[in-house]
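Just so we're aligned, residue 1 is where the sequence shown starts under full-length UniProt numbering, counting upward by one.
Honestly, the hints are just simulated from the structure, not real lab data. The beta-carbon is built from N, C-alpha and C at its ideal position, and this holds for glycine as well. Wrong hints could be hidden among the right ones.
[Unchecked claim] In silico DSS-like pairs for lysine-lysine, Cα to Cα no more than 30 Å straight-line:
(1) Lys142 <-> Lys50
(2) Lys50 <-> Lys5
(3) Lys50 <-> Lys207
(4) Lys5 <-> Lys142
[Said to hold, decoys possible] Derived CB-CB ranges, DEER-like:
(5) Val73 <-> Glu175: 34 to 44 Å
(6) Pro125 <-> Glu188: 38 to 48 Å
(7) Gly177 <-> Lys207: 16 to 26 Å
(8) Gln192 <-> Arg7: 21 to 31 Å
(9) Pro125 <-> Glu64: 23 to 33 Å
(10) Ile145 <-> Arg57: 31 to 41 Å
(11) Val123 <-> Gly164: 17 to 27 Å
(12) Ser199 <-> Gln14: 47 to 57 Å
(13) Gly177 <-> Glu60: 21 to 31 Å
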Amino acid sequence: MRYVKVRTAPADGQAFHPLGQALVEESSVERGNITWVEMLDDGTAILIGKAWGDESRYREILRESPYVLDFNVTSGEDQWYSYTHFEPTDTTQEMLATKYESGLVMEMPIIVNPDGSMEVTLVGPEETFQQEFEESGSDGYKFEIIETGPYHPDLNDLYVSLTGRQREVLDTALELGYYETPREATHEDIAQVVDISPSTVGEHLQKIEACVFGQLGD
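Hey, can you work out the whole structure from these sequences and the hints?
Written out as structure tokens, the structure is:
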């Protein structure tokens, strides 16, 4: 198994998404890494990211964006993490499709550069990389390979550190809207899908959340 780290940017020189471009242009806000991004079945997406600077201005940008369906910001001493439910553009969807259609794994976090470009690490079999990069080519974005080599998994990685059952519970919770505001699902709803008791669902979610916020605090 190998990894390839690429720097990617939209071909038009803008950020991947108008929301990202608005944050690039806002001098009082600096974006950090993206620690989680996921496409949902309804075509929308969720993202957890880090930022610092003027938090009130950051909230204002998210509140005013026509692409943002919902958001939540967890404040820290000099930085914050935000959960954003948003409508992706065609370019954003095309980039995220790599995570689902190529047979490659997109490792988190995604590094966000000040100019809006991103550094993404992809993991998979060598033959899959050869096919993917031979067939790649998009009018929406361009990329350059930064480094590549044999992949040695980091067991502290957020998703890797979850058990298979915890991943199933988390995926179901996201699908059912457990983390939406207002909450659209209960422990009982999740339990019915994954066939365990509601109390066990609660225990899994507590461990997942402890793992997530423990990683975010590193």
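Checked hints:
| no. | hint | in the structure |
| --- | --- | --- |
| 1 | Lys142 <-> Lys50 | holds (24 Å) |
| 2 | Lys50 <-> Lys5 | holds (21 Å) |
| 3 | Lys50 <-> Lys207 | holds (21 Å) |
| 4 | Lys5 <-> Lys142 | holds (14 Å) |
| 5 | Val73 <-> Glu175: 34 to 44 Å | violated (23 Å) |
| 6 | Pro125 <-> Glu188: 38 to 48 Å | holds (41 Å) |
| 7 | Gly177 <-> Lys207: 16 to 26 Å | holds (21 Å) |
| 8 | Gln192 <-> Arg7: 21 to 31 Å | violated (44 Å) |
| 9 | Pro125 <-> Glu64: 23 to 33 Å | violated (44 Å) |
| 10 | Ile145 <-> Arg57: 31 to 41 Å | holds (35 Å) |
| 11 | Val123 <-> Gly164: 17 to 27 Å | holds (18 Å) |
| 12 | Ser199 <-> Gln14: 47 to 57 Å | holds (48 Å) |
| 13 | Gly177 <-> Glu60: 21 to 31 Å | holds (26 Å) |
The structure does not agree with the numbered hints 5, 8, 9 stated previously, though it agrees with the rest.
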